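*Asks:* Start from the sequences, fold in the hints, and give me the full structure.
Oh and the sequence shown: position 129 is 129 in the numbering used here, straight run, nothing missing.
Calculated from the structure, these hints are not laboratory results.
Check the hints yourself; a few may be wrong.
[To be verified] SDA-like cross-link-like pairs, simulated, lysine to any residue; straight-line CA separation at most 20 Å:
no. : residue 1 : residue 2
1   : K80       : A50
2   : K80       : W32
3   : K80       : A46
4   : K80       : G63
5   : K80       : N95
6   : K80       : R129
7   : K80       : E52
8   : K80       : A132
9   : K80       : L103
10  : K80       : G130
11  : K80       : R113
12  : K80       : I97
13  : K80       : S9
14  : K80       : L126
15  : K80       : L2
16  : K80       : G110
17  : K80       : G101
18  : K80       : I119
19  : K80       : A131
20  : K80       : E62
21  : K80       : A48
22  : K80       : Q100
23  : K80       : I98
[As the list claims (entries may be wrong)] Label-pair distances were calculated between CB atoms; the ranges are:
no. : residue 1 : residue 2 : range
24  : N94       : A131      : 28 to 34 Å
25  : I98       : A46       : 22 to 28 Å
26  : M91       : E52       : 27 to 33 Å
27  : R49       : A131      : 28 to 34 Å
Here the structure is a predicted model, which means the values were calculated and not measured.
Glycine included, every Cβ here is placed at the ideal spot set by N, Cα and C.
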Amino acid sequence: MLVIGLAGSTLESREAVARRLHEDGGRQLVVWAMTGYRIGDGRANALARALEGAKTGRQPVEGLVFTHVLTEEEAAVIRKHGGFVWHVCGMPSNNVIIRQGDLLVTETEGGERHFLDPIEALSEVLLARGAAA
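*Replies:* What follows is the structure in structure tokens.
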């Protein structure tokens, strides 16, 4: 299962990237927006439970996009499950560190500067997964 977490920028920009992934990516990715914005309110545990549930549910999904990764702990859960953290163009997150292997994305079609558009980034992730397999 493909797992992508979006960090940084604004709520609206992260949701635009997720919407583009869902609509233009063949609707095979389920968008999951977790509410609650306090640090340390159990968000990472909820994220881990969602990942486990998606893997074992009756109708396993092909991929999940978490639109609001707000803490390094949440990013660690995504990475632990073989997922990818993308940092959206705009103000970087104060709490989620950009690590080697993370991608920089923008909602702008065709990308801009060193930021990939969501479909380009999805292609990079799928290629990386294929090479690792």
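*Asks:* Next step is simple, just say for each hint if it's right about the structure.
*Replies:* Evaluation of the provided hints:
Among the hinted pairs, K80 with A50 is consistent with the structure: their alpha-carbon atoms are about 14 Å apart, no more than 20 Å. Restraint check for K80 and W32: satisfied, since their Cα atoms lie roughly 18 Å apart, inside the 20 Å limit. Proposed proximity of K80 and A46 is supported: the alpha carbons are some 14 Å apart, at most 20 Å. Only pairs whose Cα atoms come within 20 Å are accepted, and K80 paired with G63 is accepted, the gap being roughly 15 Å.
Under the criterion of a C-alpha separation no larger than 20 Å, the hint pairing K80 with N95 is consistent with the structure, at around 18 Å. Between K80 and R129, the direct Cα distance comes to roughly 15 Å. Compliance with the 20 Å bound is thereby established for this hinted pair. The hinted pair formed by K80 and E52 meets the criterion: a straight-line CA distance of about 12 Å does not exceed 20 Å. Note on K80 and A132: the hinted pairing holds, with a Cα-Cα distance of about 16 Å set against a maximum of 20 Å.
Only pairs whose Cα atoms come within 20 Å are accepted, and K80 paired with L103 is accepted, the gap being roughly 17 Å. Of the pairs offered as hints, the one joining K80 and G130 holds, with about 18 Å between alpha carbons and a cut-off of 20 Å not exceeded. Between the alpha carbons of K80 and R113 the distance comes to roughly 30 Å, so the proposed pair goes past 20 Å and is violated. Distance restraint check for K80 and I97: the Cα-Cα separation of roughly 15 Å lies within the 20 Å cut-off, and the hinted pair is therefore satisfied.
Between K80 and S9, the direct Cα distance comes to roughly 23 Å. Violation of the 20 Å bound is thereby established for this hinted pair. The straight-line distance between the Cα atoms of K80 and L126 is roughly 17 Å, inside the 20 Å bound, and the hint therefore holds. Between K80 and L2 the CA atoms are separated by roughly 12 Å; this keeps the pair inside 20 Å, and the hint holds. Of the supplied pair hints, the one linking K80 and G110 is violated, its CA atoms being roughly 30 Å apart against a limit of 20 Å.
For the hint linking K80 to G101, the alpha-carbon distance of about 13 Å falls within 20 Å, and the restraint holds. About 23 Å separates the Cα atoms of K80 and I119, which puts this hinted pair outside 20 Å; it is violated. A hinted pair counts as satisfied when its Cα atoms are at most 20 Å apart, and K80 with A131 qualifies at roughly 19 Å. Among the hinted pairs, K80 with E62 is consistent with the structure: their alpha-carbon atoms are about 17 Å apart, no more than 20 Å.
Restraint check for K80 and A48: the C-alpha separation of about 10 Å stays at or below 20 Å, so the hint holds. Our distance criterion of 20 Å between C-alpha atoms is met by K80 and Q100, whose separation comes to about 15 Å. For the given pair, K80 sits about 16 Å from I98 by alpha-carbon distance, which is consistent with the 20 Å threshold. For the hinted restraint 28 to 34 Å between N94 and A131, the CB-CB distance of approximately 32 Å keeps it satisfied.
Range check, I98 to A46: about 23 Å between beta-carbon atoms, so the 22 to 28 Å window is met. Distance hint for M91 and E52: a CB-CB separation of about 32 Å, consistent with the stated range 27 to 33 Å. The supplied range of 28 to 34 Å is met by R49 and A131, whose beta-carbon atoms lie about 30 Å from each other.
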